[in-house]
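Asks: Listed below are the residues making up each chain.
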Amino acid sequence: MAEIIIEHVTKTFGAFTAVDDIDMTFEDGEVACLLGPSGCGKTTLMRMLSGLETPTKGRVIFGGRDVTRLPPRKRNVGMVFQYPVMYPTLSVFENLELPMRYDRSVARDERRRRVDEILDVLDIRHLSKAFIEELDAGTRQKVAVGRAVVRQSEIVLFDEPTTNVEVNAKLQLIRAFKTVTSRLKQTIVYVTHDQTEAMTLADRIALMRSGRIVQYDRPQVLYGEPTTEFGGWFLGNPGMNFVPATVSGGTISAPILARPLPAPGDLRGDRIAVGIRPELVRMAGIAGPDSVPAKLVDQAIGIAGRYLTKAAIGDTVVKVNTKGRPPAKLGETVHLSVPRERLMLFADGDRVPARFS
Amino acid sequence: MSRIREVAYYAGLWLIALIFFAPIAWIVMSSFKTRTDILAVPPKFLFSPTLENYEALFSRSEIFVQIGNSILLSLGAVIIAVVVSFLAAFCFSRFRPKGTDFLMFLLLSIRMLPGPAVILPVFLMYVGFGWKDSHLWLMLFYAMFSIPFSVWILKGFLDGVSTRFDETGRVNGGSWAHIIFKVVMPQVRPGLIAAFIFNLIFVWNEYLFNFIIGGVNTQNIPYALMVGTYADGGVAWTFIATMTSLYLVVPVVFIYLFQKYLLVGMTFGTVRGEV
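For the record, the sequence lines run as chains A and B. Heads up, the first sequence stops at 408 in our numbering, and the numbers go up one at a time, no gaps. Heads up, the second sequence stops at 358 in our numbering, and the numbers go up one at a time, no gaps.
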């Protein structure tokens with residue numbers, strides 16, 4: 052059992068608050084991703100878990116053991132960094148084995164057995180005699196992953212491990228992470244600013260912003276049901292559209308809506324917006340029921356035959372991710388419609404629970 | 084044309100090098116000459132070498148003590164200084180205690196005034212505490228004088244070693260001792276050598292403090308040279324020549340072996356070159 056409990060943890064550097072009163076739990080055996088833009092405090096939070104930083108306030112508890120003031124080596128965690136650092140004069144095998152050599156509790160045969168197992172899991176057996184200097188960055192990072200998990204610590208931390216790896220190796224590396232995480236029942240916390248990576252790997256994602264957790268949920272929920280405008284904008288490529296709306300007489304109207312929406316009774320806020328994902332907006336060449344005319348102002352080719360376009364309804368620009376080529380040329384008129392049941396309502400940046408039909 | 088220029092360059096360089104080398108050549112040559120030959124005008128380049136001077140030198144019993152003292156004091160002081168400075172520099176570089184920059188500046192201040200400026204307080208202190216004429220205390224004094232430079236040199240090197248190394252080591256179960264000596268130290272070896280050689284030259288050449296706060300037991304070679312210069316109503320040329328020739332051996336060997344690290348020392352580790 053090694054669930055990680057973060058109890059009202061705050062970390063300040065001088066006047067700057069990097070982590071602001073975070074209170075959450077990572078379940079035992081779960082892969083949790085900390086996702087957020089640069090400088091949101093995710094790395095600082097991770098460093099407090101590893102013991103490289105000490106919280107200004109609050110407690111960190113691993114499986115019932117308060118580790119807040121313990122140095123890293125007493126915490127029994129493995130960690131993989133952005134840059135793999137290894138002994139260049141030792142072989143892959145020796146590098147994997149070394150940390151256990153200093154741990155008297157692991158017998159020699161057991162050490163060998165564990166290293167052997169990891170070499171297979173990561174598919175690097177053929178490199179076991181190679182020296183670190185002969186390996187490319189991606190493979191080095193694999194070895195670093197191996198070293199972090201081979202000690203069989205209950206918790207393994209990943210700090211943006213793919214940032215400095217080129218794209219092809221990155222995919223391989225992520226596949227290796229997947230294998231490792233499914234084979235081993237360790238609790239894993241993975242820091243990244245890459246949403247695809249988080250979506251691929253995580254059981255649950257903690258979305259962070261300005262030192263706080265914005266939302267902590269399964270990837271599909273995070274994507275489908277963001278609780279904030281930030282969440283909707285940060286996830287997805289491109290992020291969600293937020294169309295400014297006006298409320299009057301119990302109805303909500305916005306440029307993208309052909310018919311106004313009924314306003315929920317408790318709707319408060321100065322800034323009301325209607326949110327819709329770009330891939331859910333339908334674009335057609337001819338007017339249909341519930342469509343609004345717009346001018347196609349921008350288009351770019353996306354992946355899988357999709358086009359990323361922008362259409363302007365008056366002053367409001369809506370991002371649309373179309374299947375296939377857009378039905379009109381740049382500057383021409385297109386007709387946009389939205390599935391009303393997929394619309395989300397936001398007041399001052401926060402989601403208002405409301406369903407439309 | 085370029086060929087001529089090249090030859091001219093080399094001729095010029097050789098000439099300059101020889102001019103600088105001349106006094107050393109003269110003193111080493113003189114150590115194998117008789118007193119008359121040394122003072123001959125014009126100077127004799129062809130002479131029958133003799134080992135008489137060395138025999139005379141080694142017949143003085145105190146000479147072995149003095150050479151031994153020189154080696155003991157300089158090696159001891161420099162080793163103490165390098166160890167202390169490495170740990171201090173590691174602390175400054177990694178933990179950055181409050182006022183690190185000011186402390187670093189303060190550390191260097193002892194080297195901002197010439198040695199003789201502090202000789203009186205140091206002398207009074209050594210007399211007051213009864214530390215005079217003691218190998219240990221003289222060694223510690225030299226170490227104190229060597230530490231500031233070494234800290235500066237080593238901090239430059241340690242700053243160049245990324246903290247990634249420390250952090251990786253720490254989360255993988257390494258103690259601080261392991262990180263400092265097994266992970267970081269091997270990476271700053273050029274800095275350690277630079278600090279070592281730079282301070283060794285300083286202590287090896289030190290005369291003034293040995294004379295003032297040392298004593299009969301701690302006399303070193305510079306002291307012997309100074310005191311032995313005048314003898315028998317004149318300058319003891321044979322003694323000077325032989326003693327100096329021996330005295331040169333240590334720095335020549337060390338500088339020859341570690342010459343590339345000297346630049347590092349003189350520039351506080353900011354110019355690394357090939358090191």
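Please keep in mind that the hints were generated in silico from the structure rather than gathered at the bench. Where hints are given, some of them may not hold.
[As the list claims (entries may be wrong)] Below 27 Å or equal to it, Euclidean Cα-Cα: the simulated DSSO-like pairs (lysine-lysine) are:
no., chain 1, residue 1, chain 2, residue 2
1, B, K265, A, K180
2, B, K265, A, K125
3, A, K108, B, K343
4, A, K361, A, K380
5, A, K374, A, K346
6, A, K125, A, K108
7, B, K215, B, K265
8, A, K361, A, K346
9, A, K380, A, K346
[Claimed, not checked] Across the chosen pairs, the derived CB separations fall in these ranges:
no., chain 1, residue 1, chain 2, residue 2, range
10, B, L191, A, K108, 34 to 40 Å
11, A, D71, B, K343, 48 to 54 Å
12, A, E184, B, I99, 39 to 45 Å
13, A, E161, B, M195, 42 to 48 Å
14, A, K108, B, G182, 23 to 29 Å
15, A, G365, B, G243, 55 to 61 Å
16, B, K343, A, G90, 39 to 45 Å
17, A, E184, B, R88, 41 to 47 Å
18, B, R88, A, G90, 41 to 47 Å
19, B, L191, A, K125, 35 to 41 Å
20, B, G298, A, T119, 28 to 34 Å
[As the list claims (entries may be wrong)] Partner residues aside, some chain A positions facing chain B, computed with beta carbon under 7 Å:
no., residue
21, P123
22, R124
23, V136
24, P150
25, Y153
26, V157
27, F182
Note that the structure is predicted; figures quoted are calculated from it, not measured. The C-beta atom is built at its ideal place from N, Cα and C for all residues, glycine as well.
Asks: State for each hint whether it applies.
Replies: Consistency of the hints with the structure:
At roughly 22 Å between alpha-carbon atoms, K265 (chain B) and K180 (chain A) fall within 27 Å of each other, so this suggested pair holds. A C-alpha spacing of about 19 Å is found between K265 (chain B) and K125 (chain A), which places the hinted pair at or below 27 Å, so the restraint holds. A threshold of 27 Å between alpha carbons decides the hint, and for K108 (chain A) with K343 (chain B) the separation of about 50 Å lies outside it, so the pair is violated. Using a Cα cut-off of 27 Å, the hinted pair K361 (chain A) and K380 (chain A) holds, with the two alpha carbons roughly 12 Å apart.
Proposed proximity of K374 (chain A) and K346 (chain A) is supported: the alpha carbons are some 18 Å apart, at most 27 Å. A threshold of 27 Å between alpha carbons decides the hint, and for K125 (chain A) with K108 (chain A) the separation of about 20 Å falls inside it, so the pair holds. Pair hint K215 (chain B) plus K265 (chain B) does not hold up; C-alpha atoms about 38 Å apart against a cutoff of 27 Å. With a C-alpha separation of about 8 Å, the suggested pairing of K361 (chain A) with K346 (chain A) holds against the 27 Å cut-off.
With a C-alpha separation of about 10 Å, the suggested pair K380 (chain A) and K346 (chain A) falls inside the 27 Å cut-off, and the hint holds. For L191 (chain B) paired with K108 (chain A), a C-beta distance near 39 Å keeps the hint of 34 to 40 Å intact. Judged by the Cβ atoms, the range 48 to 54 Å given for D71 (chain A) and K343 (chain B) holds: they are separated by roughly 51 Å. Taking the beta carbon of each, E184 (chain A) and I99 (chain B) are about 42 Å apart, inside 39 to 45 Å as hinted.
Distance hint check for E161 (chain A) and M195 (chain B): the Cβ-Cβ separation is about 59 Å, which falls outside the suggested range of 42 to 48 Å. Between K108 (chain A) and G182 (chain B) the beta carbon distance is about 26 Å. The supplied range of 23 to 29 Å therefore holds. Distance hint check: the CB atoms of G365 (chain A) and G243 (chain B) are about 58 Å apart, consistent with the given range 55 to 61 Å. Taking the beta carbon of each, K343 (chain B) and G90 (chain A) are about 42 Å apart, inside 39 to 45 Å as hinted.
Taking 41 to 47 Å as the suggested C-beta distance range, the pair E184 (chain A) and R88 (chain B) conforms, at roughly 43 Å. Against the hinted window of 41 to 47 Å, the Cβ-Cβ separation of R88 (chain B) and G90 (chain A) comes to about 58 Å, which falls outside the hint. Range check, L191 (chain B) to K125 (chain A): Cβ separation about 38 Å, and the 35 to 41 Å hint holds. Between G298 (chain B) and T119 (chain A) the beta carbon distance is about 57 Å. The supplied range of 28 to 34 Å is therefore violated.
The criterion of a C-beta within 7 Å of any C-beta in chain B is met by P123 (chain A), whose closest approach is roughly 4 Å, and the hint holds. For R124 (chain A), the interface hint holds, the least distance from its beta-carbon to any beta-carbon of chain B being 5 Å, beneath 7 Å. Because the closest C-beta pair between V136 (chain A) and chain B is about 4 Å apart, less than 7 Å, the hint holds. For P150 (chain A), the suggested interface contact is upheld, since its CB lies about 4 Å from the closest CB of chain B, less than 7 Å.
A least Cβ separation of about 6 Å between Y153 (chain A) and chain B falls short of the 7 Å threshold, and the interface hint therefore holds. Interface hint status for V157 (chain A): violated, as the beta-carbon distance to the closest one in chain B is roughly 11 Å, over 7 Å. A least Cβ separation of about 16 Å between F182 (chain A) and chain B goes past the 7 Å threshold, and the interface hint is therefore violated.
Hints 3, 7, 13, 18, 20, 26, 27, counting from the list given before, are not met by this structure.
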